[in-house]
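Same order as they appear, the protein sequences are chains A and B.
What the first sequence shows, in full-length UniProt numbering, is residues 1 to 169, in sequence order.
What the second sequence shows, in full-length UniProt numbering, is residues 1 to 169, in sequence order.
A hint or two may mislead.
Said to hold, decoys possible - Some but not every residue of chain B turned toward chain A, in silico, with C-beta under 8 Å:
#  : residue
1  : LEU49
2  : ALA56
3  : GLY57
4  : THR59
5  : LEU67
6  : THR72
7  : TRP74
8  : MET80
9  : LEU83
10 : ARG101
11 : LEU107
12 : ALA124
13 : HIS125
As the list claims (entries may be wrong) - Chain A is nowhere near these chain B residues, computed Cβ spacing over 12 Å in every case:
#  : residue
14 : ARG22
15 : ILE23
16 : ASN34
17 : ARG64
18 : GLU91
19 : VAL102
20 : PRO115
21 : ASP116
To be verified - Pairwise CB distance ranges (calculated):
#  : chain 1 : residue 1 : chain 2 : residue 2 : range
22 : A       : SER15     : B       : ARG18     : 33 to 39 Å
23 : B       : ARG18     : A       : ARG31     : 47 to 53 Å
24 : B       : MET80     : A       : ALA77     : 48 to 54 Å
25 : A       : HIS76     : B       : ALA133    : 19 to 25 Å
The set of hints was computed from the structure by calculation and includes no laboratory data.
Ideal placement from N, C-alpha and C gives every residue a C-beta, glycine not left out.
Now for the letters of each chain:
There are 2 protein chains.
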Amino acid sequence: MRIGELAHKSGLTTSKIRFYERIGLLKAVDRRSNGYRTYSSQAVTILGLITTAQRAGFTLDEIRALLPSDLTRWDHATLMDALTRKIADIEALQARLTQSRVHLLRLIEDIQARPDDMDCAANAHRVLTNMLAEHPEALDVTSDDIRLLDATDRRQSVSSGRRKKTASR
Amino acid sequence: MRIGELAHKSGLTTSKIRFYERIGLLKAVDRRSNGYRTYSSQAVTILGLITTAQRAGFTLDEIRALLPSDLTRWDHATLMDALTRKIADIEALQARLTQSRVHLLRLIEDIQARPDDMDCAANAHRVLTNMLAEHPEALDVTSDDIRLLDATDRRQSVSSGRRKKTASR
DNA sequence: GCTAACGTTGAACATAAGTTCAACGTCAAG
DNA sequence: CTTGACGTTGAACTTATGTTCAACGTTAGC
Numbered sequence: 001m002r003i004g005e006l007a008h009k010s011g012l013t014t015s016k017i018r019f020y021e022r023i024g025l026l027k028a029v030d031r032r033s034n035g036y037r038t039y040s041s042q043a044v045t046i047l048g049l050i051t052t053a054q055r056a057g058f059t060l061d062e063i064r065a066l067l068p069s070d071l072t073r074w075d076h077a078t079l080m081d082a083l084t085r086k087i088a089d090i091e092a093l094q095a096r097l098t099q100s101r102v103h104l105l106r107l108i109e110d111i112q113a114r115p116d117d118m119d120c121a122a123n124a125h126r127v128l129t130n131m132l133a134e135h136p137e138a139l140d141v142t143s144d145d146i147r148l149l150d151a152t153d154r155r156q157s158v159s160s161g162r163r164k165k166t167a168s169r
Numbered sequence: 001m002r003i004g005e006l007a008h009k010s011g012l013t014t015s016k017i018r019f020y021e022r023i024g025l026l027k028a029v030d031r032r033s034n035g036y037r038t039y040s041s042q043a044v045t046i047l048g049l050i051t052t053a054q055r056a057g058f059t060l061d062e063i064r065a066l067l068p069s070d071l072t073r074w075d076h077a078t079l080m081d082a083l084t085r086k087i088a089d090i091e092a093l094q095a096r097l098t099q100s101r102v103h104l105l106r107l108i109e110d111i112q113a114r115p116d117d118m119d120c121a122a123n124a125h126r127v128l129t130n131m132l133a134e135h136p137e138a139l140d141v142t143s144d145d146i147r148l149l150d151a152t153d154r155r156q157s158v159s160s161g162r163r164k165k166t167a168s169r
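Please construct the entire structure, taking both the sequences and the accompanying hints into account.
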């Protein structure tokens, strides 16, 4: 079959198929005398496999490293290893997303917890201070800086509890 | 303070800080007569805020849209809306990661479940058939999802799996 | 006055996964 | 023989988030 039919059968665009060939991902391609590419029905399977692997979180580079030229000759050990590591990656990512989500939820709560007697500006400052104090990892916010931040508006800064301390530098 | 000190205090590189300024994200900058940038301590806060928001899955574009020039004057409604939607995004992504993880686990099981009397080639074919049969329809991963992913981790794409029949064993 | 550390700029480069385009070739039908 | 659908190529473009580089200016200390 020619590229248009393969595109139709695989649900991919012709440009994507040609791109996969260009980067050495799809080698199951022949040429007719007129220069046209021809594919066997195996190509549909391979493209389906690539798409599936991509959805499972593999990059095209990873897929290329795993995909054998002969679909019946997989590198069993390498494949299982890659699958296992990908699962670990996913789990790590899930943990981070959970953290992110909790952080956002806490932020929403914190914003809504504005004391009745506090104006918006002061509340913004309170929330901001809490938030930055909560995530000192990347930020070299010294306690001096926190105090400096507080100093820009001396209203009450109701802490929602946990305020981590940063190492001074 | 000059850019070097700001970089040090914020934990970012000077090139990143200049980049943020270039794209209109960091407007809190003045110039001395010699052309040097100078920053107030507010800039540290703003950069911390940007970093935190990025970790929570916001793009720089989104952050720019939300970040007020005056840190005490937030658009409350817009902000809360953005936070709420970002949480929903995260939850959707988590659901898909779970699907992806389950799919990979099932694939590993399936590969290991090779009948004693089946050779590797036939097993490869069996597993492949099962797997492709499991993904009959294309489920799109939007660029939005990818971006949220990238924000928390460097490059791991995502999938969603569809339930299936357990075929020829 | 020299040197080192710091600052400035615009432009190019990097990544991943493609898309788009112009200019051209092939082929079947009318 | 013309038209339209399909195919070919290489190069440039895309998005997001920066980094790197060359060439140059500024400043503090010796």
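Hint by hint, here is what the structure shows:
1. LEU49: Holds: closest Cβ of chain A sits about 7 Å from B/LEU49, inside 8 Å.
2. ALA56: Holds, because the Cβ-Cβ distance from B/ALA56 to chain A comes to roughly 5 Å (cut-off 8 Å).
3. GLY57: Check passed: Cβ of B/GLY57 comes within 6 Å of chain A, closer than 8 Å.
4. THR59: 14 Å, violated
5. LEU67: Cβ of B/LEU67 sits 11 Å from chain A, so the hint is violated.
6. THR72: 4 Å, holds
7. TRP74: 5 Å, holds
8. MET80: Holds: closest Cβ of chain A sits about 7 Å from B/MET80, inside 8 Å.
9. LEU83: 5 Å, holds
10. ARG101: 5 Å, holds
11. LEU107: The hint holds - B/LEU107 has a Cβ within 8 Å of chain A, the shortest such distance being about 6 Å.
12. ALA124: At 5 Å from the nearest chain A Cβ, B/ALA124 passes the 8 Å test, so the hint holds.
13. HIS125: Check passed: Cβ of B/HIS125 comes within 7 Å of chain A, closer than 8 Å.
14. ARG22: 21 Å, holds
15. ILE23: The assertion about B/ILE23 holds, with a minimum of 20 Å to chain A.
16. ASN34: 26 Å, holds
17. ARG64: Answer for B/ARG64: holds, closest chain A Cβ roughly 17 Å.
18. GLU91: Its Cβ does come within 12 Å of chain A, the nearest being 7 Å, so this is violated.
19. VAL102: Since the minimum Cβ distance to chain A is about 10 Å, B/VAL102 lies within 12 Å and the statement is violated.
20. PRO115: Non-interface label on B/PRO115 holds, nearest chain A Cβ at 15 Å vs cutoff 12 Å.
21. ASP116: 15 Å, holds
22. A/SER15 <-> B/ARG18: 33 to 39 Å: Since the Cβ atoms of A/SER15 and B/ARG18 sit about 36 Å apart, the hinted range of 33 to 39 Å holds.
23. B/ARG18 <-> A/ARG31: 47 to 53 Å: 50 Å, holds
24. B/MET80 <-> A/ALA77: 48 to 54 Å: Holds, at about 51 Å.
25. A/HIS76 <-> B/ALA133: 19 to 25 Å: 21 Å, holds
Against the hints set out earlier in the document, violations occur for numbers 4, 5, 18, 19.
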